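Student: If you want the building blocks of each chain, they are given just below.
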Amino acid sequence: MALDQSFVGRTYPPTDPYEVGREKIREFAEAIGDSNPAYTDTEAAKALGHPDVIAPPTFVFAITFKAAGQVIEDPQLGLDYSRVVHGDQKFAYTRPVRSGDRLTVTSTIEAVKSMAGNDILDIRGEVHDEAGEHVVTAHTKLVARAASEEG
Amino acid sequence: MAAKISYDDVEVGTELPAQSFPVSRATLVRYAGASGDFNPIHWNEKFAKEVGLPDVIAHGMFTMAEAARVVTDWAGDPAAVTEYGVRFTKPVVVPNDGTGALIEVSGKVAAKLDDDARTVRVDLTAMSAGQKVLGMSRAVVRLA
Chain W
919 MALDQSFVGR TYPPTDPYEV GREKIREFAE AIGDSNPAYT DTEAAKALGH PDVIAPPTFV
979 FAITFKAAGQ VIEDPQLGLD YSRVVHGDQK FAYTRPVRSG DRLTVTSTIE AVKSMAGNDI
1039 LDIRGEVHDE AGEHVVTAHT KLVARAASEE G
Chain V
23 MAAKISYDDV EVGTELPAQS FPVSRATLVR YAGASGDFNP IHWNEKFAKE VGLPDVIAHG
83 MFTMAEAARV VTDWAGDPAA VTEYGVRFTK PVVVPNDGTG ALIEVSGKVA AKLDDDARTV
143 RVDLTAMSAG QKVLGMSRAV VRLA
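Chains W and V, in that order, give the protein sequences. 1069 is the number that the numbering used here gives the last residue of the first sequence; the numbers go up by one with no jumps. 166 is the number that the numbering used here gives the last residue of the second sequence; the numbers go up by one with no jumps.
Where hints are given, some of them may not hold.
[As the list claims (entries may be wrong)] Computed spacing ranges between beta-carbons, pair by pair:
1) V:Gln41 - W:Glu945: 20 to 26 angstroms
2) V:Arg109 - W:Gly939: 28 to 34 angstroms
3) W:Ala1049 - V:Gln41: 35 to 41 angstroms
4) W:Thr1012 - V:Thr36: 50 to 56 angstroms
[Said to hold, decoys possible] Straight-line alpha carbon distances no greater than 25 angstroms define the calculated DMTMM-like cross-link-like pairs of lysine to aspartate or glutamate that follow:
5) W:Lys1059 - W:Glu1044
6) V:Lys26 - W:Asp970
7) V:Lys26 - W:Glu961
8) W:Lys942 - V:Asp95
9) W:Lys942 - W:Asp1047
10) W:Lys1059 - V:Asp31
11) V:Lys112 - W:Asp1040
12) W:Lys1008 - V:Asp59
13) V:Lys130 - V:Asp119
14) W:Lys964 - W:Glu991
15) W:Lys1059 - V:Asp59
16) W:Lys1008 - W:Glu1028
17) W:Lys1008 - V:Asp145
[To be verified] Chain V regions said to be covered by chain W (calculated; three or more residues, Cβ under 8 angstroms):
18) 50 to 58
19) 80 to 91
20) 94 to 102
21) 117 to 126
Just so you know, these hints were derived from the structure itself, not from any lab. Since we're looking at a predicted model, the values are computed, not measured. No residue lacks a Cβ here, since even glycine has one placed at the ideal position from N, Cα and C.
Build the full structure now, drawing on both the sequences and the hints.
Tutor: Structural data, given as structure tokens:
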């Protein structure tokens, strides 16, 4: 069943702040095998002009995708999550996420489309810091495959 | 922000150093923990096959993270990346054979976007087992 077009433009309440910890950044950097010292060494990060260690570019997805749960699990929208695959992902940064950030995410449904029986949902997650300054915007495209494709 | 590559030193077609990233089941378990994405298609072979996949597959976001390293290692400062996007076209299949999979990433400068902001667009190619696993993989990078 096609998703309701009237959901386009709907914005969900901002999430409670996620506090970015330096050890979580280190764990993530190690998990992707990235030894860039800007992720783990405060002095190296400062030498690049950052106040503290920064996170790899895709780190913030864990935060924005959790926030997108508000949309994905919205019973009124009725997305069948068991059929969802991640189609596209894009980030636009004002600055890198860094240790000590307290980040809130505001999720908005940007587009709802139906193509060849697939439901396509574009979610924008605006990430702001404690001062209300923009940090990064995440654009996530989810595709719920048509039920008839299942064997 | 302190990129180590100068805008004036690159041109359209400049190639970034290519890199290959090995992925094993252990890599995926570790990434699941670090990212909080515990979807069983990334660690449970039985489950993956039940939902129609050939085998366990890597997290798309893991592949996206590895591809970014070609850009951040080149630029020096990861904060030089001001935009980054990908399309997940094919899964990276990770067999439990002691070897796993390999993600091969190359990149080149596709456009010089803004002489004042000193931004370029880098187009990335990510391959695994001879298949293109990311499409539209592009980063905007602010150079020195």
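Student: Hint by hint, which ones does this structure get wrong, listed from lowest number up?
Tutor: Result: hints 4, 10, 13, 14, 21 break, sorted rising.
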